[in-house]
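Protein chains: 4
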Amino acid sequence: MANGKLSEEKVFKDPVHRYIHVRDKLIWELIGTSEFQRLRRIRQLGTTYLTFHGAEHSRFNHSLGVYEIVRRIVDDIFKGRPEWNDEERLLCLCAALLHDLGHGPFSHSFEKVFHLDHEDFTQAIIVGNTEVNKVLRTMGDDFPKKVAEVIDKTYQNKQVISLISSQIDADRMDYLQRDAYYTGVSYGHFDMERILRVMRPREDQVVIKNSGMHAVEDYIMSRYQMYWQVYFHPVTRSAEVILTKILHRAKHLHHEFYTFKQDPIHFYSIFEDEVTLEDYLRLDESIINYYFQAWQDEEDPILKDLCRRFNNRNLFKYVEFNPNVQMMTLIELTSLFKKAGIDPDYYLVVDSSSDLPYDFYRPGEEEERLPIHLLMANGDLRELSRESEIVDAISGKRRTDHKLYFPLDLIEDFSTKRTAKKRILELLKI
Amino acid sequence: MANGKLSEEKVFKDPVHRYIHVRDKLIWELIGTSEFQRLRRIRQLGTTYLTFHGAEHSRFNHSLGVYEIVRRIVDDIFKGRPEWNDEERLLCLCAALLHDLGHGPFSHSFEKVFHLDHEDFTQAIIVGNTEVNKVLRTMGDDFPKKVAEVIDKTYQNKQVISLISSQIDADRMDYLQRDAYYTGVSYGHFDMERILRVMRPREDQVVIKNSGMHAVEDYIMSRYQMYWQVYFHPVTRSAEVILTKILHRAKHLHHEFYTFKQDPIHFYSIFEDEVTLEDYLRLDESIINYYFQAWQDEEDPILKDLCRRFNNRNLFKYVEFNPNVQMMTLIELTSLFKKAGIDPDYYLVVDSSSDLPYDFYRPGEEEERLPIHLLMANGDLRELSRESEIVDAISGKRRTDHKLYFPLDLIEDFSTKRTAKKRILELLKI
Amino acid sequence: MANGKLSEEKVFKDPVHRYIHVRDKLIWELIGTSEFQRLRRIRQLGTTYLTFHGAEHSRFNHSLGVYEIVRRIVDDIFKGRPEWNDEERLLCLCAALLHDLGHGPFSHSFEKVFHLDHEDFTQAIIVGNTEVNKVLRTMGDDFPKKVAEVIDKTYQNKQVISLISSQIDADRMDYLQRDAYYTGVSYGHFDMERILRVMRPREDQVVIKNSGMHAVEDYIMSRYQMYWQVYFHPVTRSAEVILTKILHRAKHLHHEFYTFKQDPIHFYSIFEDEVTLEDYLRLDESIINYYFQAWQDEEDPILKDLCRRFNNRNLFKYVEFNPNVQMMTLIELTSLFKKAGIDPDYYLVVDSSSDLPYDFYRPGEEEERLPIHLLMANGDLRELSRESEIVDAISGKRRTDHKLYFPLDLIEDFSTKRTAKKRILELLKI
Amino acid sequence: MANGKLSEEKVFKDPVHRYIHVRDKLIWELIGTSEFQRLRRIRQLGTTYLTFHGAEHSRFNHSLGVYEIVRRIVDDIFKGRPEWNDEERLLCLCAALLHDLGHGPFSHSFEKVFHLDHEDFTQAIIVGNTEVNKVLRTMGDDFPKKVAEVIDKTYQNKQVISLISSQIDADRMDYLQRDAYYTGVSYGHFDMERILRVMRPREDQVVIKNSGMHAVEDYIMSRYQMYWQVYFHPVTRSAEVILTKILHRAKHLHHEFYTFKQDPIHFYSIFEDEVTLEDYLRLDESIINYYFQAWQDEEDPILKDLCRRFNNRNLFKYVEFNPNVQMMTLIELTSLFKKAGIDPDYYLVVDSSSDLPYDFYRPGEEEERLPIHLLMANGDLRELSRESEIVDAISGKRRTDHKLYFPLDLIEDFSTKRTAKKRILELLKI
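Chains as they are written, first to last, in the UniProt record's numbering: chain A, 1 to 430; chain B, 1 to 430; chain C, 1 to 430; chain D, 1 to 430.
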């Protein structure tokens, strides 16, 4: 049975947490499964490496990090406290390790184009006929289901859930620091060690001792900055736009019975909306890259052009654009693109990003968020934004940004359709 | 013509050098070529990510770093000194940026199996019919050739060569720090800023002011530690061994007219020893990964097994083994492996690593190395190991390490051939 | 004349900026003056080392740092821009280096008790009969006056002033990072290199390119956190309270003709409100420490007790206390302290801290602040809080904190005046 | 009794170890004693701050660091191992915390001039009539003596001693990292976390698992570099030379019945070789600085000049000088200094530094060193230099450096004694 200790602790050298410690046989065996090793072939930040060249790290990297943070909380901070049930320990560790297991290649775009949800696949891998499931079942037949419930946020003990997914969880704490480390930006720093030291288990949640409030403020500001400086960087979004359009085009060609030189056999079931777990697990970013490179030599000019752009980082340019108030301009541009022989379905794209840095609980809202609670010296709990002026100032304020993407090089090629293109540039104010 | 300045300086955020600055149009255009962008799909450290999970960075990453170091030396330290000819500036920057251009996927193994040399391909890309060549030629018809000569170490001005390849060059200074950063080990630190500040151009070489000797000592020790702690790590070598054997097996099967389910079309010309530049440039690590995953489902049990091992990090184990004094054991083991039904050609591998941390000039030696010269206060030059006790102590001392690799799981499977396998374990002293 | 270059650049190794570079003879000679070397004997953060033991760094340390930042701005960013007059260069460097020259030992408390102003002394040192003045005069007879005007914010070129003192100046950028480094807190990080790169000289001010807005947000948040986490730390304030009371007591005893065992000859002119520049320059923190240690053995019980507390870090405890709404409690406590034989003039102290993280320009306000202006792509200037939601949220919001300090050990000594002391503890809710 | 736990753990923010954790009441109370707080007024690196301005940190700082390292070893690594007796825990922690307690101001010079030994004072403070002794005695009457024995290396359990003082002890591991941090040099980095993880208690010593050998090599190289780059820096030694001569001069004047304006009452008993513990504890660097500043105005020209030099960092210059082979030159220089009216007893000083980076055990040697032992996989112990080529190369090799110090400004003042001074410069080859 896997519920034992390794004869000798295993350690991974990790640039963010220095060392990742594995003492449980169960964890060691989960790391060795093919489904978990597959995460090495899926980048943590999708196309961000085209903006920040250092961001080439994988989800494998991040998953180990989340595991390590939860391990430290559970083993160093919670252990022995009356409000904590140490029997939940392995469940927490497994959920932390496996929480991103269902991510596909370039998840964001992939899910949008094919109407998939990586969370469904995470569930499916954990409870399905997989190596991961086999390892988990050594802990009991219902153990995989419990792990799946924690990740799905339906597990009855909300303490456990809030370690893995809440507004201050191990997932966010790892990715902010890790993504900052690999991109090289200075925004992702906050005093995690301090935050861990002031985390306390309470009924149905994990709370933060009031003395750690400023470290939490700093964490929330880090998150805010990382979203706008890294995750929503307009160059990254340009690459995403192209990636999305490649997938759309390939699907479209498939449905049009186009004859591919490199037949997309890995995509058949996805294009047909009949994807199986087995098919899904075969996909990773090296497979996608394989096709994108092969498709550079297809006959179809759009697929070929978009793949070349993606592979050689010849991205779309952008301008600020608010579709709500500039609808007429968009309609005119669409028409002009057609006149100019540049298909607007693939070459004129409005992309929007939106983030809510922190929010307290607003019942009935679309996506209910659990607030961060501070544990006061007298034992009371206080919602963070009531104590912190900084957090109060940004609480509940959603920020949205819209941009319009287009291939400037094609538009500036005046050898054809000069008039339409000139007019396009005028409308874009370039 | 590309020999101009960009209207606005471009910067790349880099975790190692903070920022990489590009002011020259020529450099910006080289970075944009498909041959240079291809380096994003080739990892800097091959299979090392299977040992140090953080080491997922690409050669693109490193190439920018080498460029930046040379740029700082030339623009901040050498500029204006009488011994330096600033007309060599762009040549240095191009050679620095492009010095690794010819690397293939998992170069080390690839070159060994197929008798290729990445340096030949670097030359071929620079002088051949490529985007890189087209950009370089904007500087004059003989400019690509000069860049190629610098990288090939045949250029007449040895100063320029020693910036890019010597015992203390921009290449080594970047990779030591970068590989340390991504792996997370603490060994790669040395005071590069200090070394750069004390570099001086002299006839035929770059020398180091004596006041920087200790920083150089520290650099040499960093290099020593990185070789043994990271580059020659036995787990990484185990992955290399498997990778090598996969390539051997595929080539063998191809020559045996085996019918692949996933036909290795990308490898045809390589298997036939007739590789062209065009074929070579199509290869990268996503292509290799594509095949390795497909081959997990081949009929051939060896190819299939080795690919599964590689993809799921189920590596070979190892023991210390000196082939010079243990030849008889190796012969006996080979025979026993055959008896046990485990093909020793693929499953019993001696692997050796060897490094010479520093050496002074020894004329007539196989690989002549240019020594590091210190510039004394009185203007004299002194070879480093004459001044530094530490360097003298390790100078010219080659260290070699031999290990024997094998699949312990197969050997420990006693369901068949129990006697032979027991005897194998005895010989391996496990 | 000092307006020359050193034959060889001098460098200082600095943990915050890596190296501090001095090329100008003038700067080198200023650093060598006795008035500047005196800053080595005055800590940058006064009593903070009693809370954060690492914060033992001096104002010498910080002054070099401010100089280096201004040097980088002027030499690397501003040089050659049409809006910048490079003849102001040395003036900027001198003002940066010397801006804190007039600080006395534990300035904050010292100035409060003796009604002194370190800025007056900075002016006096620069224009008075000092080594610094002599060095500055080598640049022209009116040069010292110009340096003094920059520091006094009366110089006609406001660009120069805003480099040294504005809401985003070299002074703040150095001390935030430096104080974070020495205390070890994680709050002082922001991307200074980025901010420097986007600083631009404009008429009457230095502005920030809009692309650097997020780095500025991060800087403002760092400043906010450093104020509340480090500079206003209640333990540091407790030490300040005691220090202040020691100085008060010594002055009081002097005016009462008390016979000191260690006569405070260094303080005579200060106690008499007749301090001269010469007397002032004799003071530093080793002198103060000398007296505080000697006074541990004085007859006067209050002076003796307070000095022992300060030297051995036996500080006052504190509770939250709002003097505006708790005036009656304070009156009652004062009366009870008297009853308990604990002199409330020295042992019951309300201390308040207050900070305004950022503000735009509000004409007519007590302390007029120049706002930070962003330089938009189209050349317009926009005040920071109009562009940044985060900054807008905290702009103009003053935060104030009040605490009541008292010697808990004396109150809890129930061997005398038990009833009064019990009642004191009740009122303090301890 | 102090042998209890604090109701809440206390933490100190430390820039080197992030946090220092105190759970034991005993430790907390020791930190609060006046003898331990006194260490805040004694710099860790004496005059080094005159070379590296960041090196202003105190021995208080370092002592907490050594304590924390030992705490981690004992609590996280040794606890529960059969070779370790956890009853030694508090003894180790106390010895670590207090090991430098007897250091005086600028210890190195002070001890040399006055023939004192800080180790004697450490012993005296621990067993004498002090606050520290009173706190220690709460653990039993013989506990102070045991702590003193550990520090004196006479305690029977050599395991405990080797944690605090051996060739790889907590003392060295803290100061290398801490001094590197505060000076800002890049040499002091090594992977302490790794070393701690592989430390194992064995009979009579602490050994290192063989897998950590490279981290130990790196530590030894760090130490080597720190000695030559920081601790023996010639500018620091110049300040030491002046400091030493000031103390000599003051003692000399005292014995000559010179009438000081600032009478050295704190030094009386030291000058008379009759120092008591009480007198000694009154001394710290602020007291010394007080005198040095006062003495700037003495009548005696030598005392006055040397103090001004020290306070204003107007140090002696130096040349390489080997007293063994250049004795005749030294004699001639001495004579010329006299002729030139510059007293050679105070102004012509040969200073030597010497270090032995590592040595194995050589019985009968003057200072016996315990070697570092590696614990091999098979349980054997192997002396480090037998396994490590790098360490073997430098093992037992003492490096010595001699310099001659003199006041160049006085010699270059040709207004008097021109001929003698010219000849001095010739001999010094300046």
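Bear in mind the hints are in silico, worked out from the structure with no lab data behind them. If you're wondering where the values come from, they're calculated on a predicted model, not measured in any experiment. All C-beta atoms in this analysis are idealised placements derived from N, C-alpha and C, irrespective of residue type, glycine included. Hints may be right or wrong, so weigh each one.
As the list claims (entries may be wrong) - Coverage of chain C stretches by chain D, computed from C-beta distances (three or more under 8 angstroms per stretch; other residues unrestricted):
(1) 7-17
(2) 31-41
(3) 279-287
(4) 319-329
So, going through the hints one by one against the coordinates:
1. Only residues whose C-beta sits within less than 8 angstroms of a C-beta in chain D count toward coverage, and the segment 7-17 of chain C has 5 of them, enough to reach three; the restraint holds.
2. Coverage of the segment 31-41 of chain C by chain D holds [criterion: at least 3 residues with CB-CB distance below 8 angstroms; count 6].
3. For a cut-off of 8 angstroms, the count of residues in the segment 279-287 of chain C with a CB near a CB of chain D stands at 5, and the three-residue condition holds.
4. With a cut-off of 8 angstroms between beta carbons, the segment 319-329 of chain C has 0 residues touching chain D; three or more are needed, and the interface restraint is violated.
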